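So the chains spell out like this:
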Amino acid sequence: MAVETDVSQDGKKLTIKIKGRFDFGKHQAFREAYERQPRRPDAVIVDLQEVTYLDSSALGMLLLLRDHAGGDEADVRVVHANCDVRKILAISNFDKLFDIS
Amino acid sequence: MADMHIDHKVLSDLREIMEDGYLQLVQTFLDDSERRLGQLHAARSAVELGAAAHSFKGSSSNMGAVALATLCQELEDKARHPPLLGIEDLINRIDLEFAEVQRFYRAEHHRISAG
Amino acid sequence: MADELGLTVLVAEDGAVDRLLLAQIVRRQGHEVFTAENGQQAVDVFKARRPELVLLDALMPVMDGFEAARQIKALAGETLVPIIFLTALNEEQALVRCLEAGGDDFLAKPYSAVILAAKIRAMDRLRRLQATVLDQRDQIARHHHHLLNEQRVAKAVFDKVTHSGCLDAPNIRFLQSPYALFNGDLMLAALTPSGDMRVLLGDFTGHGLPAAVGAMPLAEVFYGMTAKGYGMAQVLREMNAKLKRILPGDMFCCALLVNLSMQRGAVEVWNGGMPDGFLLSTGGKVLSALSSRHLPLGVLVAEQFDDQTEVWPLAPGERLLLMSDGVLETADDQERLFGEQRLRAVLADNRNPALLFDELLDALQRFGGRARDDVSLCDIRMLGAQLPQPMAMLPQDLGRCSAMDWSLSFDVRGESLRRFNPVPYLVQLLQEIHGLRSSAGTLYSVLSELYSNALEHGVLGLDSRLKCDAPGFADYYQERARRLQVIEEGYVRINLAVEPLAAGGRLKVEVRDSGEGFDVQQVLAQPLPEQGLSGRGMALVRRLSTVARWTEGGRCAHVEFIW
Numbered sequence: 004m005a006v007e008t009d010v011s012q013d014g015k016k017l018t019i020k021i022k023g024r025f026d027f028g029k030h031q032a033f034r035e036a037y038e039r040q041p042r043r044p045d046a047v048i049v050d051l052q053e054v055t056y057l058d059s060s061a062l063g064m065l066l067l068l069r070d071h072a073g074g075d076e077a078d079v080r081v082v083h084a085n086c087d088v089r090k091i092l093a094i095s096n097f098d099k100l101f102d103i104s
Numbered sequence: 356m357a358d359m360h361i362d363h364k365v366l367s368d369l370r371e372i373m374e375d376g377y378l379q380l381v382q383t384f385l386d387d388s389e390r391r392l393g394q395l396h397a398a399r400s401a402v403e404l405g406a407a408a409h410s411f412k413g414s415s416s417n418m419g420a421v422a423l424a425t426l427c428q429e430l431e432d433k434a435r436h437p438p439l440l441g442i443e444d445l446i447n448r449i450d451l452e453f454a455e456v457q458r459f460y461r462a463e464h465h466r467i468s469a470g
Numbered sequence: 003m004a005d006e007l008g009l010t011v012l013v014a015e016d017g018a019v020d021r022l023l024l025a026q027i028v029r030r031q032g033h034e035v036f037t038a039e040n041g042q043q044a045v046d047v048f049k050a051r052r053p054e055l056v057l058l059d060a061l062m063p064v065m066d067g068f069e070a071a072r073q074i075k076a077l078a079g080e081t082l083v084p085i086i087f088l089t090a091l092n093e094e095q096a097l098v099r100c101l102e103a104g105g106d107d108f109l110a111k112p113y114s115a116v117i118l119a120a121k122i123r124a125m126d127r128l129r130r131l132q133a134t135v136l137d138q139r140d141q142i143a144r145h146h147h148h149l150l151n152e153q154r155v156a157k158a159v160f161d162k163v164t165h166s167g168c169l170d171a172p173n174i175r176f177l178q179s180p181y182a183l184f185n186g187d188l189m190l191a192a193l194t195p196s197g198d199m200r201v202l203l204g205d206f207t208g209h210g211l212p213a214a215v216g217a218m219p220l221a222e223v224f225y226g227m228t229a230k231g232y233g234m235a236q237v238l239r240e241m242n243a244k245l246k247r248i249l250p251g252d253m254f255c256c257a258l259l260v261n262l263s264m265q266r267g268a269v270e271v272w273n274g275g276m277p278d279g280f281l282l283s284t285g286g287k288v289l290s291a292l293s294s295r296h297l298p299l300g301v302l303v304a305e306q307f308d309d310q311t312e313v314w315p316l317a318p319g320e321r322l323l324l325m326s327d328g329v330l331e332t333a334d335d336q337e338r339l340f341g342e343q344r345l346r347a348v349l350a351d352n353r354n355p356a357l358l359f360d361e362l363l364d365a366l367q368r369f370g371g372r373a374r375d376d377v378s379l380c381d382i383r384m385l386g387a388q389l390p391q392p393m394a395m396l397p398q399d400l401g402r403c404s405a406m407d408w409s410l411s412f413d414v415r416g417e418s419l420r421r422f423n424p425v426p427y428l429v430q431l432l433q434e435i436h437g438l439r440s441s442a443g444t445l446y447s448v449l450s451e452l453y454s455n456a457l458e459h460g461v462l463g464l465d466s467r468l469k470c471d472a473p474g475f476a477d478y479y480q481e482r483a484r485r486l487q488v489i490e491e492g493y494v495r496i497n498l499a500v501e502p503l504a505a506g507g508r509l510k511v512e513v514r515d516s517g518e519g520f521d522v523q524q525v526l527a528q529p530l531p532e533q534g535l536s537g538r539g540m541a542l543v544r545r546l547s548t549v550a551r552w553t554e555g556g557r558c559a560h561v562e563f564i565w
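Going line by line, the protein sequences match chains P, G and V. Each residue of the first sequence is one higher than the last, beginning at 4 in this note's numbering. Each residue of the second sequence is one higher than the last, beginning at 356 in this note's numbering. Each residue of the third sequence is one higher than the last, beginning at 3 in this note's numbering.
It is worth saying that the hints were derived from the structure and are not from the lab. Owing to the predicted nature of the structure, the values given are computational and were not obtained by experimental measurement. Some hints could be false.
Said to hold, decoys possible - Lysine-lysine pairs mimicking BS3-like chemistry, simulated, CA-CA at most 27 Å apart:
{"no.": "1", "chain 1": "V", "residue 1": "Lys246", "chain 2": "P", "residue 2": "Lys29"}
{"no.": "2", "chain 1": "V", "residue 1": "Lys75", "chain 2": "V", "residue 2": "Lys49"}
{"no.": "3", "chain 1": "P", "residue 1": "Lys22", "chain 2": "P", "residue 2": "Lys99"}
{"no.": "4", "chain 1": "P", "residue 1": "Lys90", "chain 2": "V", "residue 2": "Lys246"}
{"no.": "5", "chain 1": "P", "residue 1": "Lys99", "chain 2": "P", "residue 2": "Lys20"}
{"no.": "6", "chain 1": "G", "residue 1": "Lys364", "chain 2": "V", "residue 2": "Lys121"}
{"no.": "7", "chain 1": "P", "residue 1": "Lys90", "chain 2": "V", "residue 2": "Lys287"}
{"no.": "8", "chain 1": "V", "residue 1": "Lys246", "chain 2": "P", "residue 2": "Lys99"}
Stated by the list, open to error - According to the in silico footprint, chain G covers these stretches of chain V (three or more CB under 8 Å from chain G):
{"no.": "9", "stretch": "20-34"}
{"no.": "10", "stretch": "112-122"}
Unchecked claim - Some chain P residues close to chain V (C-beta under 7 Å, calculated; not the full set):
{"no.": "11", "residue": "Lys90"}
{"no.": "12", "residue": "Ile94"}
{"no.": "13", "residue": "Asn96"}
Ideal Cβ placement from N, Cα and C applies to all residues, glycine included.
Okay, chain P solo, but in the shape it has when bound (with noise of 0.2 Å):
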């Protein structure tokens, strides 16, 4: 599955797993992610260790499961970024709305 999603036992943490390019292909994968869970999670962490490429569509989508998971209450992390990818998200500062590590 190129969109995987684990949820922690107590339901606080969601996190989505991205595979291979992170673009407008996995907007509908993306978004059943976090919008088909029962509770809304305290914490998403999106891991883009597997992720090679990541475009504006990607950005785009981030931000809607900000929107979603509280806006400017939100606890959403990506993490494991490679050096490419952070150097995308870096340039478009979207270091100011997310935990990237």
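Dock chains G and V against the given chain P, drawing on the hints supplied.
Just chains G and V now, kept in the frame of chain P:
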């Protein structure tokens, strides 16, 4: 009954499939096959012989005349590999076999048209 | 057992018996049957009746089955007409020929009705699949055609919106992809009333119409506000708010906005999400990179939007090189990207600035293996200070007659000084006076100069001598931002008074600040160049107005215009 000459399963399928057209089929076969046999005898080259045998084989097998069809297959194969040894003999056996088949189907024709 | 598929079938078989039998078998399965005795007849019947399925004997007189099959397939064209060859299984040579001639399947003698029925059903499935594919292809082609048309219309409307720009100014050289609008790339340029040149390079997420649709309101804001003389911060806030309001949550616009002030010898920059722009010396050396410090437009709500700009000195002859991400992302046939290092190499190798543009395009083409059609580039050369041209402002709603005898006092106090610049509004107001319309640029320049002096030197107490070199420049503007951020007291007061004269009228302007004042005589006594860049632009004001003097120890500037 002509068991060795005609496959009865094929025969009964034919009767079922053709329905009212069975008579016409039998008639067509009788006319057509005589002509084909004539072609066989008149063939002047191995190629012509092979082609005639091939066509005859087709209609024979469709009519359930399995032994006849087999003989035609033999003739077709032989015609492809000169020199043509034993051709005369094979053609004779075809004549004989055809006579049996013809007899059977004439009887069929008579049986049906008589009502 | 017979499926009611109801096809039209052609049975071409030279043996009378076989033909009769086969036709009957097929008819009983619910199909309409046409027959043929030889290959030529088969082709003729096919032309006349266009059956949906063909049963073809391989060996037939006049024209054999293979040739008939070839001709039938040719006649069928795109439509799939399945051809089932009737042949004996032990003739492998013949089987190969059947396939080569276009046959889709075989049926052996003696004919089995069951097997034939299965084959017909399978072939029919294929036939219908092909028909569906062709139909969908045609639908797609039609939709595509409509879409192209819609885009043409969108582009035409957009071109009208952007025509008021000044991208064709002599000091700008640019390259814009013909597909720019539909890549989401935007390039706008306009002059402020005081002659500053403002350029926006933008990149919308998405492609096609969604990107184009966002670009239009943005362009309207850019052109409208720039023409009225609004500052960069205000224009940025308005553009951000507009996009935030109208775009869906996952759409935004990366933007690089620059304002070249010939008068101040400086360029003001805001970069949200675009690749680095570069400041280049007259010799082509990179002076600094203009990096992205902000989130793109349309992401943050107004309360959180950061309109902080950076200011760099820029002397005449020095240049700005701006580009879209198409440049860095140009890929070669091994999917490697052009990237920043190669770009820097091109910049370093360049000897003649006039050729930089071409050298860069050339490097991109050699790297990518083809001419680039998705790249936006802009090269802007800084000009010397000029008198503002008499400018045509945007057409206003003309009042019945202009008020000729009035006065107005406008105070901006305390915290309001942080965000609010009254100059554009006041100039708008002065447009009501017919006689002043052609001097809009002049009025704007003078009022801006006086206001910014009053604010920066008067209220904030900044020393313009800081602006003597590049680091000093940066320090000055950083300090300006810092002091504005914490300001609580102080004011700038603008008084306007209009009175009629025998043939025309007079406008009196007073700009007063709450600062310490300055030694007017000393500043005026300095040679002109020093006054220009780091002085209070007093020479400019005196040149542009009929009367100009400073009173109250420098805290009040009086300026008059007579028409």
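Do the hints match the structure? See the list:
1. V:Lys246 x P:Lys29: Distance ~24 Å between Lys246 (chain V) and Lys29 (chain P) Cα, so the pair holds.
2. V:Lys75 x V:Lys49: Holds: Lys75 (chain V) and Lys49 (chain V) sit about 11 Å apart, inside 27 Å.
3. P:Lys22 x P:Lys99: The given pair, whose Cα atoms are some 24 Å apart, holds under the 27 Å limit.
4. P:Lys90 x V:Lys246: holds (24 Å)
5. P:Lys99 x P:Lys20: Answer holds: Lys99 (chain P) to Lys20 (chain P) is near 22 Å, not above 27 Å.
6. G:Lys364 x V:Lys121: Satisfied, since the Cα-Cα distance of roughly 22 Å is no more than 27 Å.
7. P:Lys90 x V:Lys287: Satisfied, since the Cα-Cα distance of roughly 25 Å is no more than 27 Å.
8. V:Lys246 x P:Lys99: Holds. Lys246 (chain V) to Lys99 (chain P) sits at ~17 Å (cutoff 27 Å).
9. 20-34: holds (count 6)
10. 112-122: holds (count 3)
11. Lys90: Not OK, violated: Lys90 (chain P) not within 7 Å of chain V, min 10 Å.
12. Ile94: holds (5 Å)
13. Asn96: holds (5 Å)
The structure does not agree with numbered hint 11 stated previously, though it agrees with all others.
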